Amino acid sequence: MSAQDIILSSGTSTLAPAAQVRKKLSKIAKLFDATKCNGCKGCQVACSEWNDLRAPIGEFTGSYQNPADLSSECWTLMKFNEVTDENDKLRWQFTHSGCMHCDDPACLTACSTKDAIVQHANGIVNIDSDKCIGCGYCVTACPFDVPKLDEIDQKAYKCTMCSDRLQVGQEPSCVKSCTTGALKFGTREDMLFIADLRIKQLHEKGFTKAGLYNPQGVGGTGMMMILHDISQPESYGLPADPKTSLPIKLWQDVVKPLGAAGIIATVAVACLHRITVGRNVVDESDNDDDSEAIDHTHPTQSDKE
Amino acid sequence: MHKQNMILRHKLFDRICHWFIVAVGLVTFLTGFAFFFPSFQWLGAIAGTPQMARFVHPIAGLMMCLPLMLMLVRYYHHNKWEKNDLTWMLAIKDVMLENEDKIPAIGHYNPGQKVLFRTFVVTSIVLTVTGFMMWQPYFAHYFASTAIEWAILLHAICAVIMLIFVIVHFWMATWVEGSVAGMLYGAVSRAWCKKHHPNMLKDPELKTIKREKH
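If you're matching them up, the sequences are chains A and B in order.
First residue of the first sequence? That's 1 in full-length UniProt numbering, and the numbers climb one at a time after it.
First residue of the second sequence? That's 1 in full-length UniProt numbering, and the numbers climb one at a time after it.
Everything labelled a hint here was simulated from the structure, so no lab data went into it.
The model shown is predicted, which means the values in this text are computed figures rather than measured ones.
One or more hints might be untrue.
Claimed, not checked - One side only, chain A facing chain B, incomplete, derived with CB under 8 Å:
{"no.": "1", "residue": "T113"}
{"no.": "2", "residue": "T140"}
{"no.": "3", "residue": "P247"}
{"no.": "4", "residue": "L272"}
{"no.": "5", "residue": "I275"}
Claimed, not checked - Computed list of chain A residues with no C-beta within reach of chain B, every gap over 10 Å:
{"no.": "6", "residue": "T35"}
{"no.": "7", "residue": "S48"}
{"no.": "8", "residue": "G58"}
Unchecked claim - Here are the simulated distance ranges between beta carbons:
{"no.": "9", "chain 1": "B", "residue 1": "Y138", "chain 2": "A", "residue 2": "D164", "range": "30 to 40 Å"}
{"no.": "10", "chain 1": "A", "residue 1": "E49", "chain 2": "B", "residue 2": "R118", "range": "35 to 45 Å"}
{"no.": "11", "chain 1": "B", "residue 1": "W81", "chain 2": "A", "residue 2": "S285", "range": "52 to 62 Å"}
Glycine included, each C-beta is placed from N, C-alpha and C at the ideal position.
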């Protein structure tokens with residue numbers, strides 16, 4: 001991947017687009033199979049090892065999930081979602097939680113800074129932390145609640161899909177470490193094909209609600225998940241219909257162009273008025289003797305009270 | 001050489017307050033513009049770096065909005081709606097075209113200025129509240145993402161409205177000769193009052209300043 005592979009860039013206008021790739025690149029994806037995951041946290045540790053992330057030791061909160069949430073020092077988190085089934089039996093539903101690398105990323109749309117968030121031709125969404133100003137718009141906008149601001153440098157961080165490994169032809173470290181084969185990596189096309197086969201297999205085994213989580217509200221994701229029960233993504237801690245929210249769309253697509261038009265129109269009217277009507281000049285000789293209104297009893301030299 | 005009667009229009013405290021708001025408001029708007037239109041990120045460079053602009057913006061914003069509340073208290077009585085105000089508003093075309101014989105007499109502030117001041121007050125309050133909600137890293141984490149998203153939208157809308165009114169304010173002030181001098185030095189001439197704010201001369205608290213004219 002080179003800098004020229006960027007296809008979307010935050011803070012840029014479509015009227016003056018970022019350099020577009022001229023060669024078609026295949027979109028890549030990670031495929032997480034929740035039906036195969038045993039919650040070993042290998043992916044979580046591999047991520048922290050490869051990216052040299054050292055989250056501070058937290059506190060026990062009554063869950064095997066640790067740490068409690070993603071952070072600037074935890075880009076991949078094995079989520080232990082506790083679910084009770086019809087027979088009141090406790091079951092874990094694991095989620096390989098991290099950046100979903102959306103096709104239509106809300107974080108990039110909301111970003112206030114030019115080129116701070118980019119989407120590469122292979123579909124990876126990355127934050128350039130050096131350019132990030134820490135406004136937190138991406139943190140707020142992400143429907144998956146993934147990017148997090150760092151407490152020390154106030155910049156946003158998240159999973160990079162191990163872009164540095166991909167550049168030299170390796171797979172992401174989480175995929176490399178997966179013990180059960182729950183994580184796979186390849187082109188999105190291949191991953192969709194594999195997911196399709198696996199879901200058919202699951203249906204045959206009696207998991208009739210099994211399906212692929214690849215939400216279209218964000219244009220599909222570069223991190224897809226096979227779930228036992230696709231009708232209840234919330235039980236995996238995943239939003240049912242993630243998308244760029246209405247206020248963010250209104251802000252970027254309506255308020256910005258209307259605001260620009262309003263500001264330009266006001267300045268234009270002001271200039272026209274100045275040219276046509278001119279200045280409103282006072283005739284100081286019109287200072288005739290109606291000075292009875294002036295209180296001469298307390299003439300002051302200064303305007304201080 | 002003769003003595004000219006000048007009229008005190010703005011007290012020293014109010015003038016300092018006004019120009020303080022102008023100074024920090026300029027910083028707030030330039031840095032804010034850099035976030036609102038990322039193509040104009042270079043405007044935020046007045047703070048040094050984009051990161052500094054992000055840090056300075058909310059502080060400058062507060063320093064702009066809070067003194068405005070002080071001005072609200074001090075100028076409140078001047079901004080009440082008066083009887084000629086509606087007819088003045090309806091005669092806005094004559095005002096703009098300087099058909100002064102057709103303009104009804106108004107007092108210390110004309111209704112246009114009153115609307116402007118009220119807009120500054122309302123947008124300031126909304127900008128302060130929404131600004132706190134989105135202020136990273138100090139306050140934003142107290143609020144839900146959805147609330148912050150709406151706050152960002154409202155903040156942007158109010159900022160645009162305020163900026164448009166600031167442009168109008170600047171344009172009007174430089175249009176009417178003597179206004180800017182009045183805000184800088186506090187004094188306006190008697191002829192200026194007669195022309196622009198005739199009822200102001202009826203104010204029992206009117207103060208005159210005797211100045212040597214050279």
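Hint by hint, which ones does the structure fall short of? Checked against the structure, the hints that fail are numbers 4, 5, 10, 11, while the rest are satisfied.
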